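Respectively, the protein sequence lines represent chains A and B. Take any residue in the first sequence, count from 1 to its spot, add 49: that is its number in this note's numbering. Take any residue in the second sequence, count from 1 to its spot, add 173: that is its number in this note's numbering.
It is worth saying that the hints were derived from the structure and are not from the lab. Source: prediction; values computed, not measured. There could be a bad hint or two in this list.
Stated by the list, open to error - Negatives, chain A to chain B, calculated, CB over 10 Å:
(1) ARG121
(2) LEU129
(3) LEU136
(4) LYS162
(5) ARG177
(6) ASP316
To be verified - So, partial list: chain A residues that the calculated Cβ filter (under 10 Å) puts toward chain B:
(7) PHE73
(8) ARG125
(9) ARG147
(10) TYR243
(11) VAL328
(12) SER329
(13) LEU330
Stated by the list, open to error - Cut-off 30 Å, straight-line C-alpha distance, at most; resulting in silico cross-link-like pairs (DSBU-like, lysine-lysine):
(14) LYS178/A x LYS162/A
(15) LYS315/B x LYS377/B
(16) LYS61/A x LYS108/A
(17) LYS108/A x LYS315/B
(18) LYS447/B x LYS61/A
(19) LYS447/B x LYS260/A
(20) LYS260/A x LYS346/A
(21) LYS324/A x LYS291/A
Even glycine gets a Cβ: it sits at the ideal position worked out from N, Cα and C.
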Amino acid sequence: MSAIEINNIVKKFGQITAVDGISFNVEKGEIFGFLGPNGAGKTTTINILCTLLSPTNGKASVNGFDVVRERRQVQRSIGLVFQDPTLDDYLTADQNMRFHAYAYGVPKDLREKRITELMEMVELVERRKSRVSTYSGGMKRRLEIARGLLHHPQILFLDEPTLGLDPQTRRYIWDYITTLRKQEILTIFMTTHYMDEAEYCDRIAVIDRGKIVALDTPSKLKDTVGGDVVTIQADNQERALKELKEKFDLAPIVQNGLVSFSVPHSDVFLPDFIKSFGVSLHSISVRRPTLDDVFLKLTGRAIREQEAGGWDMMRRMMGAMHR
Amino acid sequence: MKMGEQFRGVWVIAYRDLLRFTGDRIRLFSSFAMPIIFLVIFGAGFSNVIGQLAPGVDFMKFIYPGIIAMTVLNSSMMSGLSIVWDREFGFLREVLVAPLSRGSVVAGKIVSSAVISLAQGVVMLILAPFVDVRLTALLVLKLIPVLLLISVSISALGILIASRMRSQQGFQVVIMVLLMPMTFLSGVMFPVNNVPVWMEVISKINPLTYGVDAVRQLFLAVQPLPAGMPAGISMSSAIGVTVFNHTMSVMDDALVVAAIGAVLLTLAAVAFSKQD
Numbered sequence: 050m051s052a053i054e055i056n057n058i059v060k061k062f063g064q065i066t067a068v069d070g071i072s073f074n075v076e077k078g079e080i081f082g083f084l085g086p087n088g089a090g091k092t093t094t095i096n097i098l099c100t101l102l103s104p105t106n107g108k109a110s111v112n113g114f115d116v117v118r119e120r121r122q123v124q125r126s127i128g129l130v131f132q133d134p135t136l137d138d139y140l141t142a143d144q145n146m147r148f149h150a151y152a153y154g155v156p157k158d159l160r161e162k163r164i165t166e167l168m169e170m171v172e173l174v175e176r177r178k179s180r181v182s183t184y185s186g187g188m189k190r191r192l193e194i195a196r197g198l199l200h201h202p203q204i205l206f207l208d209e210p211t212l213g214l215d216p217q218t219r220r221y222i223w224d225y226i227t228t229l230r231k232q233e234i235l236t237i238f239m240t241t242h243y244m245d246e247a248e249y250c251d252r253i254a255v256i257d258r259g260k261i262v263a264l265d266t267p268s269k270l271k272d273t274v275g276g277d278v279v280t281i282q283a284d285n286q287e288r289a290l291k292e293l294k295e296k297f298d299l300a301p302i303v304q305n306g307l308v309s310f311s312v313p314h315s316d317v318f319l320p321d322f323i324k325s326f327g328v329s330l331h332s333i334s335v336r337r338p339t340l341d342d343v344f345l346k347l348t349g350r351a352i353r354e355q356e357a358g359g360w361d362m363m364r365r366m367m368g369a370m371h372r
Numbered sequence: 174m175k176m177g178e179q180f181r182g183v184w185v186i187a188y189r190d191l192l193r194f195t196g197d198r199i200r201l202f203s204s205f206a207m208p209i210i211f212l213v214i215f216g217a218g219f220s221n222v223i224g225q226l227a228p229g230v231d232f233m234k235f236i237y238p239g240i241i242a243m244t245v246l247n248s249s250m251m252s253g254l255s256i257v258w259d260r261e262f263g264f265l266r267e268v269l270v271a272p273l274s275r276g277s278v279v280a281g282k283i284v285s286s287a288v289i290s291l292a293q294g295v296v297m298l299i300l301a302p303f304v305d306v307r308l309t310a311l312l313v314l315k316l317i318p319v320l321l322l323i324s325v326s327i328s329a330l331g332i333l334i335a336s337r338m339r340s341q342q343g344f345q346v347v348i349m350v351l352l353m354p355m356t357f358l359s360g361v362m363f364p365v366n367n368v369p370v371w372m373e374v375i376s377k378i379n380p381l382t383y384g385v386d387a388v389r390q391l392f393l394a395v396q397p398l399p400a401g402m403p404a405g406i407s408m409s410s411a412i413g414v415t416v417f418n419h420t421m422s423v424m425d426d427a428l429v430v431a432a433i434g435a436v437l438l439t440l441a442a443v444a445f446s447k448q449d
């Protein structure tokens, strides 16, 4: 039995088809990444799996329980950390934890022990008596992760667990996630915008316009890009593109004013290319493909194209250069 | 589903609401201040203009039970607002994905609302000596079930509305266009028997009217008769709500409120269970 089994799930909102017949399994103990641009159907899929929405069509089971017919058992099997906070700001961290323990029927003798342990894990023990409204965004997210684990779920859903957090907090959260996986058999189903985080996943499913367009390990997905990614900046972009297509038989993409394409063996290709390319070049860079490239190739757009702010773009470009 | 689980749902929702209420000093203060302001301003303002509404019933004695009913009413409506609030701030998701039945969530909301409303209604009784209203132990005992009944019905109405509301602003608008007229046309401020026909019709299909009437009749029944009044004539009969020439007794009123409450409760449970 897989941890999650999704069989031809369709979800329509009126005329709009948000999820269009997706099927896949998530194995026990896996970190499974669910990637896609905004509006691709990620959140809808998670909402179906956690019983907040009923599918229009198709079947899904979580921990062996049907998400429509056996809601209560599904709810008991899963822990959730949503994109937007779901804490009660007016209560203290302890009170939020206790509410969760009562709601999930955590036995009395385990309750306080587990709360303390988890608060220690996310390093909030000293602030446990403070109201959540006094917490920073990162602290709230950490508290939510601790709360999501309180009833010892078999499957943890993380919807953008690090969105909007500073790099240091992001690293902390990833430390918790990797520690968790070592300690117990926990399946993690997560969505993320950060491609460097997606690398931590055992397998990744890419969803676009409600359909699964790829599903594999990060390294195999990167192999599909077809070798190394070469990025050039040319004097005359039009001519460069034309020549790449006609003379070298490549499929170049223009992004942020730069032209990039992939070749199987850049070490052999480049000396020849530099000698025979007819347009004068300002720069050439070569790098191993990233999941961004995979994403670009599969969906025709960068994952954070619409919503990435200036800083984020910068960070991503710097990241790409360092690789 | 097991009984124990249902009970756990009711208890955990009520626990959290009560925790929040007692932790929220501003709400605690305003919920007591509002009815007192009403009582003082309307009471003092109208007492001199309006004389006796019935033998031995001055305006203060008339409005005081009404204000108590109104306190319970306003406080009960908060259960709906808290759902809309939770939806906006995300906490509702934590509730909806927990292994609790929707019915037990609704029941928990109603229990906490009834407890808070009753506490507020009872606290208002402290003011009785200041407005020259007589209290007896039996009166207080009889008031408790009546106030609970009003609270449960109105809480159910609040939850029913909240199940369809996505924003607090929307809920506030509903309160303005629904709850305010309902309050004013329920006999809190003036008797609903000698008013224009259209107003009388609205008042008498308004379930609140019967809640207010029940509370008021309980109070008037224990007030001392003025000197010279023949015994046996009840003061309330002159003010009590009449439906097709039948003067409603406290029991009649309670039955009407209970019946409407049962309908609202069912609708609220269904509406809340259906939402995503």
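Check the structure against each numbered hint from earlier and tell me which ones fail, lowest number first.
Violated: hints 1, 2, 3, 7, 10, 11, 12, 13 and 17.
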